[in-house]
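> Sequence:
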Amino acid sequence: MVDCRLFFRARKILVPCLLAAGAVVHAAVEETNVTFDYVRTIAAREAAAAYKAPGDDLPGRLGALSYDEYRSIRFQPPQALWRKEGLPFQLEFFHRGGLYRDRVTLHEFTGQHEQVIPFLREFFSYDGVKDLPALHSSLGYAGFRVHAPINRPGVFDEVIVFLGASYFRAIGADQFYGLSARGLAINSGIPGTTEEFPRFTEFWIGKPSAGDTALTLYGLLRSASVTGAYEFVVRPGKTTTIDVRAELTFRNEVTLPGMAPLTSMFWYGENSTRPAGHVRPEVHDSDGLIVDDTGGRRLWRALINPRDVKVTDVPVHKLVRFGLLQRDRRISSYEDLEVHYEKRPSAWIEPRGDWSGNIRLVELPDPAEHGDNIVAFWVPAEKPAPGRPVELRYRMVWSLSEPANGGLARAVNTFEGDLPDGHTGRLFWVDFADDKNSARELDAAQPVIELRGNCRLRRFSVSPYPEIHGCRVAIEVEGAPAGQSVSLRCHLRLKTEPISETWSYVWTP
26 MVDCRLFFRA RKILVPCLLA AGAVVHAAVE ETNVTFDYVR TIAAREAAAA YKAPGDDLPG
86 RLGALSYDEY RSIRFQPPQA LWRKEGLPFQ LEFFHRGGLY RDRVTLHEFT GQHEQVIPFL
146 REFFSYDGVK DLPALHSSLG YAGFRVHAPI NRPGVFDEVI VFLGASYFRA IGADQFYGLS
206 ARGLAINSGI PGTTEEFPRF TEFWIGKPSA GDTALTLYGL LRSASVTGAY EFVVRPGKTT
266 TIDVRAELTF RNEVTLPGMA PLTSMFWYGE NSTRPAGHVR PEVHDSDGLI VDDTGGRRLW
326 RALINPRDVK VTDVPVHKLV RFGLLQRDRR ISSYEDLEVH YEKRPSAWIE PRGDWSGNIR
386 LVELPDPAEH GDNIVAFWVP AEKPAPGRPV ELRYRMVWSL SEPANGGLAR AVNTFEGDLP
446 DGHTGRLFWV DFADDKNSAR ELDAAQPVIE LRGNCRLRRF SVSPYPEIHG CRVAIEVEGA
506 PAGQSVSLRC HLRLKTEPIS ETWSYVWTP
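Once you know that position 53 of the sequence shown is 78 in the numbering used here, the rest is easy, because the numbers rise by one and skip nothing.
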């Protein structure tokens with residue numbers, strides 16, 4: 026067993042991590058006040074210099090590990106940082122190897138000191154891997170995860186994970202990991218353009234005190250086009266929130282800067298044809314995009330798994346929030362008692378400051394459930410100028426619930442199928458539920474339907490749906506040429522007042 030206690034004594038001392046086998050690893054400790062400004066200064070210095078791509082220093086066969094071999098390398102929970110001290114958070118690390126080749130340098134800091142967390146082979150078990158080379162303290166880690174007691178007192182469950190490029194994901198109480206977030210997206214979903222993936226190469230993680238309910242950490246983001254400093258303040262709970270502050274400096278102009286990106290998986294849902302041989306009714310981590318703009322307007326864009334790449338832009342004047350939601354919480358919609366899609370979190374972004382421009386949704390074709398084929402991010406109205414720092418502040422929310430919608434009815438179901446009687450076109454059923462205001466008779470409301478594309482509205486109808494305290498709008502569309510996408514929108518209006526969010530959809534015959 027490893028007993029790795031870190032003692033802070035003076036400027037630039039060597040702190041021993043004592044191993045059971047008698048070996049000693051030393052970590053340099055510096056008297057440093059680690060703050061956002063500290064990391065921002067490092068990022069600004071690097072942004073002013075030419076970009077230097079990281080080298081591949083992965084020793085021996087670590088880079089050739091198979092998927093199963095890599096998964097067999099496991100961190101030993103008794104060795105979690107801060108566990109022996111009984112602190113409210115614990116830190117575990119990911120090994121480098123296989124797909125996760127890049128080194129991420131990790132630092133621990135307190136109010137006056139910081140030090141690199143050295144790699145220790147004794148932190149891991151290697152039961153499924155043979156013939157490993159000598160592994161030294163300079164190997165570093167591929168990423169890390171934070172644990173906290175979010176479900177039961179004294180039981181430390183995963184709360185947030187940083188692993189791979191700038192990807193991270195979080196959960197709250199009673200949630201299963203689903204969608205992910207990224208620090209930044211560059212040129213995502215542009216046909217014929219290679220997407221650039223900035224990555225977090227360094228983190229400073231604040232050592233918590235007894236009684237702390239939040240964990241603060243800083244990240245350094247690097248790529249050929251940008252360098253950035255990030256601050257994350259993580260507050261775990263029934264709903265987990267992350268307050269993010271970032272400063273980005275671009276070396277050159279990028280075609281499509283994607284800020285505060287979220288990425289998820291949608292294989293098929295109630296609006297899709299179930300793949301042959303699959304018994305689960307639906308498979309997705311998220312089933313829709315919400316966009317809240319000023320004036321109490323909410324757009325709900327039901328997700329699809331397209332045949333070709335689909336890009337949807339939602340203009341925003343002063344963004345209130347956007348996010349990818351798992352709205353369908355019925356276990357009967359998935360019938361999967363292992364992965365529990367009904368417990369995958371929704372996540373949304375709440376800006377601090379004025380965000381105008383577009384929310385871009387990119388939907389990629391995906392033949393299975395293992396890839397993230399959905400991306401949503403904010404594209405600012407003005408592109409960042411090279412050499413001029415851009416500051417962002419926003420809150421991320423990871424929850425099983427939804428953000429307040431001002432009492433609007435929600436589009437809870439989207440069904441798609443053939444027109445009756447053999448007509449050429451498409452039939453859509455959109456179910457609006459008003460479970461918080463069931464006294465209002467939605468069947469008395471009038472649907473407002475908009476079509477964009479070379480098509481026409483054949484007819485529509487509204488039927489009461491008492492079981493959901495709402496109604497169903499049936500929309501029949503015809504005349505769309507094969508291969509040309511059609512955009513549809515629908516909301517409910519009572520006299521002149523909108524009483525529902527706006528349902529949005531894309532159909533390609």
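Read the hints as simulated data drawn from the structure, not as lab findings. Just so it is clear, CB atoms sit at the ideal spot from N, CA and C, and this is done for glycine as well. Mixed in with the good hints, there may be bad ones.
Quick list of the computed label-pair ranges, beta carbon to beta carbon [unchecked claim]: (1) T218 - E56: 41 to 51 Å; (2) E522 - G236: 29 to 39 Å; (3) F201 - A429: 39 to 49 Å; (4) E56 - L157: 50 to 60 Å; (5) K155 - S357: 24 to 34 Å; (6) E416 - E56: 35 to 45 Å; (7) A235 - Q101: 42 to 52 Å; (8) A507 - K155: 34 to 44 Å; (9) S162 - D333: 15 to 25 Å; (10) P491 - N176: 32 to 42 Å; (11) Q137 - I67: 10 to 20 Å; (12) F201 - A393: 37 to 47 Å.
Here are the simulated DMTMM-like pairs of lysine to aspartate or glutamate, each with C-alpha atoms no more than 25 Å apart in a straight line [to be verified]: (13) K408 - D338; (14) K408 - E71; (15) K77 - D338.
> Please write out, lowest number first, the hints stated earlier that are contradicted by the structure.
2, 3, 4, 5, 6, 7, 8, 9, 12 and 15
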